[in-house]
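Visitor: With chain A held as given, fit chains B, C and D onto it using these hints.
There are 4 protein chains.
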Amino acid sequence: MTASYILTLSCPDTIGIVASVTEFVARHQGWIIEANQHADTSTNYFFMRIEIKADSLNVSLDDFKQAFAPIGERFKMTWQITDTAQKKQLYLFVSKQAHCLADLLYRLRSGEYHAEVKGVVSNHEDLKSFVEWHGVPYHYIPMNPDTKQAAFKEITALLSENTFDAIVLARFMQILPDTLAEQHYGKIINIHHSFLPAFLGAGAYQQAHDRGVKLVGATSHYVTDKLDEGPIIDQGVTRIAHHHSVDDIARLTRDIEKQVLSRALHAHLQDRIVIHNHKTIVFE
Amino acid sequence: MTASYILTLSCPDTIGIVASVTEFVARHQGWIIEANQHADTSTNYFFMRIEIKADSLNVSLDDFKQAFAPIGERFKMTWQITDTAQKKQLYLFVSKQAHCLADLLYRLRSGEYHAEVKGVVSNHEDLKSFVEWHGVPYHYIPMNPDTKQAAFKEITALLSENTFDAIVLARFMQILPDTLAEQHYGKIINIHHSFLPAFLGAGAYQQAHDRGVKLVGATSHYVTDKLDEGPIIDQGVTRIAHHHSVDDIARLTRDIEKQVLSRALHAHLQDRIVIHNHKTIVFE
Amino acid sequence: MTASYILTLSCPDTIGIVASVTEFVARHQGWIIEANQHADTSTNYFFMRIEIKADSLNVSLDDFKQAFAPIGERFKMTWQITDTAQKKQLYLFVSKQAHCLADLLYRLRSGEYHAEVKGVVSNHEDLKSFVEWHGVPYHYIPMNPDTKQAAFKEITALLSENTFDAIVLARFMQILPDTLAEQHYGKIINIHHSFLPAFLGAGAYQQAHDRGVKLVGATSHYVTDKLDEGPIIDQGVTRIAHHHSVDDIARLTRDIEKQVLSRALHAHLQDRIVIHNHKTIVFE
Amino acid sequence: MTASYILTLSCPDTIGIVASVTEFVARHQGWIIEANQHADTSTNYFFMRIEIKADSLNVSLDDFKQAFAPIGERFKMTWQITDTAQKKQLYLFVSKQAHCLADLLYRLRSGEYHAEVKGVVSNHEDLKSFVEWHGVPYHYIPMNPDTKQAAFKEITALLSENTFDAIVLARFMQILPDTLAEQHYGKIINIHHSFLPAFLGAGAYQQAHDRGVKLVGATSHYVTDKLDEGPIIDQGVTRIAHHHSVDDIARLTRDIEKQVLSRALHAHLQDRIVIHNHKTIVFE
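Just so you know, the protein sequences line up as chains A, B, C and D, in that order. Note that the first sequence covers residues 0 to 283 in numbering that gives the first Met the number 0. Note that the second sequence covers residues 0 to 283 in numbering that gives the first Met the number 0. Note that the third sequence covers residues 0 to 283 in numbering that gives the first Met the number 0. Note that the fourth sequence covers residues 0 to 283 in numbering that gives the first Met the number 0.
Chain A with its partners taken away, still in its complex shape:
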């Protein structure tokens, strides 16, 4: 993989944004590998992602950033430039069900993501040995109604001592405290076991069975303080029929969960997602 710099930005739409940005890149000899943009006509907002070959620039990354600042200011941009040479840092949160965890750990191990797991947090001990075989620290933090508050205090402490680019709730069956959700908004990715907004909350497999739907699915979204209402990143479905039991639905949906979560994380780690007004722009 060639190292590259990824510039993502959003700002009120107007004439000349792309010209200014790309003229700036060209002036510094930046070779554009990929560029995507989107103009949201309903909110009159503009979004852009540019990937630049790192070694094409005639200045350092720091100088490049500094030189870009006036453009950012001029167009009132929210912007960032990241360096793909820096491995992204992850935390994975799980309970007992390991299908998403096992899938993600394999992907990480095989180099599918340019990222590493700083730790796995779980309220159960079940997956300790499996996680540690992968060389990843396992933080077993039990939770019952009495200890829940203390547990999340411990988790908050752990997170505040570290830097990270994403927390993946890989079928973590606990609701995060609002403060945690707010503090790390845009960094916490959940996988919900239904096609949202159908079948909220727990028991979505059963709800789907009871309603008699002919497709079941999964939804990956950023976590907010409103359960199952965060910005959707990706979704998938699979066909079911009358003969599928709740267990069958669970089994088939688990496969969709793995797929959808891994795709969402892939996009997140490549800085392909911009959140805007409770919706996502995903530059594929």
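No wet-lab data here; the hints were simulated from the structure. Certain hints may be false.
A pair holds if it fits inside one copy or across any two, identical chains being indistinguishable in the list.
[Claimed, not checked] Cut-off 20 Å, straight-line C-alpha distance, at most; resulting in silico cross-link-like pairs (EDC-like, lysine to aspartate or glutamate):
1) 75 x 181
2) 147 x 164
3) 186 x 61
4) 225 x 209
5) 152 x 270
6) 86 x 61
7) 75 x 145
8) 152 x 227
9) 225 x 39
10) 152 x 247
Guide: Structure of chains B, C and D alone, referenced to chain A:
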């Protein structure tokens, strides 16, 4: 197409149902073309569909039916035997949007369904010429808040004077009176422009856009007196992205509506659907 | 629909293309509605599509084109600017099967495409009345082994007397002469009734059945002088099972054909497709 | 899971098969959980799968089998009755790529299959530690052009000393000797990294990229002595676009490979597949 008889039945599950039924068929020299069954373990109910080559039987259809009656009684079956030599009779209800209507009329014309349209009912005049070109009577019955009750009286009268196997609400934007829905329960098929139970009611395209889902879909279901809550027959979805406007969503969903409605009608006309407790068994 | 100008271009990749193009657009006050680009790293080629709000420009379209020419020359671009205010002109070629034709005519009639059909060409008379009901001229040009050459001479004459943006082979079962294919390369869209490159030639439904595949599909591609080998625009598939006969496969595939062809035409009419080395870039 | 007996059979089609079989089951008080059948009209062959609750029978499994034999003989059936209480036995063959292996091992570990792995065979040492962590013996049998024959002799010996229900080639990049393929026909499941019959042999990702297809897929099939031509069990596809590199195609297809192989194995282990003339009947 070889003519065949289709036996569909449902009854409380017990030992010996299939044996009794198939022994009965074999005793009358019936050649089974296709057979499907389903045992619902949660309600302990049994469902079956058998298609028998018409000319293989050594008795007339009437005698066959009469001879079957005791078996039906013994197992407390709800059952019917239909003859595929009889073309199914349809009514299509539309408003202004014609994508489903045009699609169904083409399918009917090309012989895809063994059925004929007795009439198209509409609260608008727009599609009259197109429908009449197909040789189908067009019942233009205007509806405004004042005339709505009278209009449905007229529709009810039309339906009561005729026999039919299905009413297809092909994007008919009016809610049927409860009495009509109840009287023809299991015969009225609607196409809803979302993946139910997400996005109920009108404006589902807009709702999907506002929520930022990444898949949009359509749902075909039998009509009940509870809007959008009838037994689901079939569903489909298609992928969308952040750059799709409400109009794009409408355009993409219309294609799914056509597909899903045509599949649902196909299953209905071949007597492949059994309704049980607000859900459908669809023998494919 | 707001009128817009669509600039599409391709050229050898280098630094500064986007900057030059977008600076040019901004200098003429052009408001960019949508922009897409692609850098093909294996051939080192660059592709771009920009949609500009027509009434935002401070010059006429002709002046805009003229002013752009030096940029095109500098980067050795193949480029064009089209005006969406101009309705695209189509010819549809059919034989007897009308599912794609009926689907396209409905879409055209309902305004889904900003286009009009100049004529339908067919080697059979079957669809004359249906096409003429839509107000479209029907050119019945019979073809048998003896008259085929003369027939295509007549077709060539018809085409040479007219301008058009696309010829759609909507299940036209005749192979075009090489000269016609070459002359209108990039304008003739075919729908093949299989997932290419599996199952070439006629009889693809039967071939799929014989091989026992579990998915069947359709492929839309530009026509070249090599049968079924032109640049692929779009493809789709649907699931089948052991119980599906060749007729069932045909029925199910027809639906995919309609979908795939209509999507391909949609992209073509919006100038979203660039052909490069026997492959397509489709800016969605 | 309640233990059950699974009867699968195939025979020339005639009147009375289902009646005889189900009457036999009912006479022994057998409670049918699930039943599927298929009549292939082109070859006039009949196929059936019946799942019977084990503890409902009033005789032992051996007596039941013995009593069934005359029916089998009468209709010239190929038949078997298996007991789901017996865990199925598997061998997994891999090379270096572990995505399918990791996926299957997780599924086995989580109880998704009622089966256990007797051993993993590989021509590379890479996955030894991962496999052994799962408590599964790892047979490292190196293969180069000189040692290949000896290696397969060793594998053949290993297999002949053991009983097993399936060998899964989970991206095993070596071609099995014809003798092995023939000896275990119907037991060896391969996953091919394309939508067969498109893109045979190795390098299917590259072939798909070169052809410019818009969908890529994977195919699971039984292994025969003709490479990539065995009976297809299941297939899947995913959408790609012009911007996807060969590496992207590989990454996206790997997900389909996992899905398709796991579904195929699921059906195989539940005795849902009957092979007939190079095609499969899969009772879902």
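Visitor: Now tell me, hint by hint, if it's right for this structure.
Guide: So, going through the hints one by one against the coordinates:
1. 75 x 181: Neither. Shortest intra-copy (24 Å) and inter-copy (51 Å) distances fail the 20 Å Cα cut-off.
2. 147 x 164: neither (25 Å within a copy, 47 Å between copies)
3. 186 x 61: neither (24 Å within a copy, 49 Å between copies)
4. 225 x 209: This pair counts as between: shortest inter-copy Cα distance 16 Å, intra-copy 25 Å.
5. 152 x 270: Neither, since 29 Å and 51 Å both go past 20 Å.
6. 86 x 61: within (18 Å within a copy, 50 Å between copies)
7. 75 x 145: neither (47 Å within a copy, 54 Å between copies)
8. 152 x 227: Result: close neither inside a copy nor across copies, 23 Å intra and 44 Å inter.
9. 225 x 39: neither (25 Å within a copy, 37 Å between copies)
10. 152 x 247: neither (37 Å within a copy, 41 Å between copies)
When the structure is compared with the earlier hints, violations turn up for hints 1, 2, 3, 5, 7, 8, 9 and 10 and for no others.
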